[in-house]
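Chain by chain, the residues run as shown.
There are 2 protein chains.
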Amino acid sequence: MAPLSVAVVGLGSMGLGIAASLVRAGHAVAGFDVSPEAGARLAEAGGRAAASAAAAAAGADALVVVVVNAAQTADVLFGTGAAAAAMRPGGVILSCATMAPKDAVELAGRAGAAGLAYLDAPISGGAVKAAAGALTVMASGAPQAFAAARPVLDAIAATVYELGDKAGVGASFKIVNQLLAGVHIAAACEAITLARRLDLDIAKVYEVITASAGNSWMFENRIPHVLEGDYSPRSAVDIFTKDLGIVADIGREAKFPMPVAATALQLFLMTSAAGMGRDDDASVARLIARVTGLDLPGAPAAPES
Amino acid sequence: MAPLSVAVVGLGSMGLGIAASLVRAGHAVAGFDVSPEAGARLAEAGGRAAASAAAAAAGADALVVVVVNAAQTADVLFGTGAAAAAMRPGGVILSCATMAPKDAVELAGRAGAAGLAYLDAPISGGAVKAAAGALTVMASGAPQAFAAARPVLDAIAATVYELGDKAGVGASFKIVNQLLAGVHIAAACEAITLARRLDLDIAKVYEVITASAGNSWMFENRIPHVLEGDYSPRSAVDIFTKDLGIVADIGREAKFPMPVAATALQLFLMTSAAGMGRDDDASVARLIARVTGLDLPGAPAAPES
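If you read the protein sequences in the order shown, they are chains V and L.
Numbers 16 to 320, taken from the numbering used here, label the letters of the first sequence in order.
Numbers 16 to 320, taken from the numbering used here, label the letters of the second sequence in order.
Chain V with its partners taken away, still in its complex shape:
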């Protein structure tokens, strides 16, 4: 397959990993991020750092948008970024941000009106899998969008779920996943701090729970951060204030109550309000420890004042 000209806008850890994977697959990659440092890292990985989203997307066959939410995606494509108009006519947009299904539908409509294909393509897997080209993509869109995006998907993903022929389905699957992921992190943090409060050996709790019916992917993945007292962000608290916020928005709009998800959101908001929004999402455990006067590794009950 002939190499494509691919633009990546948004060069956080996920976007950079995607860009590097595309370079490795032989594609010509240009990228843009509001942070100039991110551009420098892209250049190290063999991509071209452009001065704007439009400059990155100029003539591109495919544009991967890896920003935070629907508003930023819209701004990159059709607002100040003006990236959609810069692409090769008939090119394909892969929209990776977690967003409400209706926003994905709207963006797909605007892309179609601009003569572009649109793949609703939220991603999962974290920075390590992004760097390895081994993401999971929960994708939906027209068959021609899938066809046009295929070389990009092949380069960045280990698993591509093809979930339907309309934008919005991929977004919906991602939202359901994020509801569970967010609740499971909050529950893991409640459970491990309760264990500490009950004077249990929390490393032993990790061993027992990960082999028991109380286990979750998130418990297994995040609790080691608590055991090590390492809250450097692999995934930040404010990812979940955002994603559980989208869940809450959907719930209000659809008159669909989700009390457990709503409560988990409150814990992430408390943790963010306490100054840990950019720290690892396992910081919910630090918040609980701080409130309740518990010692945890790296989170003493009585911090220096």
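Hints are computed from structural coordinates only; laboratory data are not their basis.
All values reported here derive from a predicted model rather than from experimental measurement.
Among the hints, erroneous ones may be present.
The list makes no distinction among identical chains, and a pair is therefore deemed to hold if it is satisfied within one copy or across any two copies.
To be verified - Result set (BS3-like, lysine-lysine): computed pairs, CA atoms no more than 27 Å apart in a straight line:
| no. | residue 1 | residue 2 |
| --- | --- | --- |
| 1 | K117 | K257 |
| 2 | K270 | K219 |
| 3 | K117 | K219 |
| 4 | K270 | K144 |
| 5 | K181 | K219 |
| 6 | K257 | K219 |
With chain V's structure known, arrange chain L on it following the hints.
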């Protein structure tokens, strides 16, 4: 090792499985349950159905108590059941009910005063593993309690966690597990009903989520009940009104807030209040569907009136 005389009090699906496993291992097993039918099933499995807890425990080397909670356990041992006083002096009690750690400590103290060893031995794994002699036991107690209980543990469990030399530690581990298990069931039910509300193919949601970061042991185990519309109780809603109730009691007593667990408890209470307390715990999904007017398999939006 010489066969023991073992009594099992409480012959629900867990207790019957334990009794059958003990019979298979060559022990002499007597059992008692308030339900005469359970006694008949014990006899089929090769055990002796006794007319009372004391009659089952008469002269026993070991007594396995598999009832619902601390109050029932105390009643079996020291109350109307009078089983402790009937045992061989120096015998061992294995207490399997989920209970607050302080209740396990108190029961162990009373057993010691009566000249008996006591193993705090909550179990996990469900009816199928109980029948197979493949339970997980989260055990704590004095070394002599472990030693005396060893032939019983060998017969009933695939995994025995030895968690400490005092009663209460096993109970604490089980409570932490139940907090997570209960929250994960409630979250699974919120997520799968949200997926239905978003018009997703919920069988596909199951496939994608079980391979994604939103997975939990409970999502994977319980959501098939929702997909099949089969709410016959593998584990009942009221197990979790009870166990998350214990979590809530501990939280109030210790002044330890657990908002996510508290919210999950409310969902189980609502489901029980709506008449589904003895149905499968995945019935939380039916409750949400009923409240929100969703169709689910086996749970139509508009039931016949």
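Now the hints, each set against the structure:
1. In this assembly of identical chains, K117 and K257 lie within 27 Å of each other by CA distance solely inside one copy; the values are 16 Å within and 40 Å between copies.
2. Taking identical chains as interchangeable, the C-alpha atoms of K270 and K219 lie at most 27 Å apart only when they sit on different chains, with a minimum of 24 Å there against 42 Å within one chain.
3. Only between protomers do K117 and K219 lie at most 27 Å apart by alpha-carbon distance; the minimum there is 20 Å, versus 44 Å within a single protomer.
4. Neither within a single protomer nor between protomers do K270 and K144 lie at most 27 Å apart by alpha-carbon distance, with minima of 36 Å and 41 Å respectively.
5. In this assembly of identical chains, K181 and K219 lie within 27 Å of each other by CA distance solely across copies; the values are 16 Å between and 47 Å within a copy.
6. Taking the closest pair of Cα atoms, K257 and K219 come within 27 Å of each other only across two copies (25 Å); inside a single copy the shortest separation is 33 Å, beyond that limit.
Violated hint: 4 only; the structure is consistent with all others.
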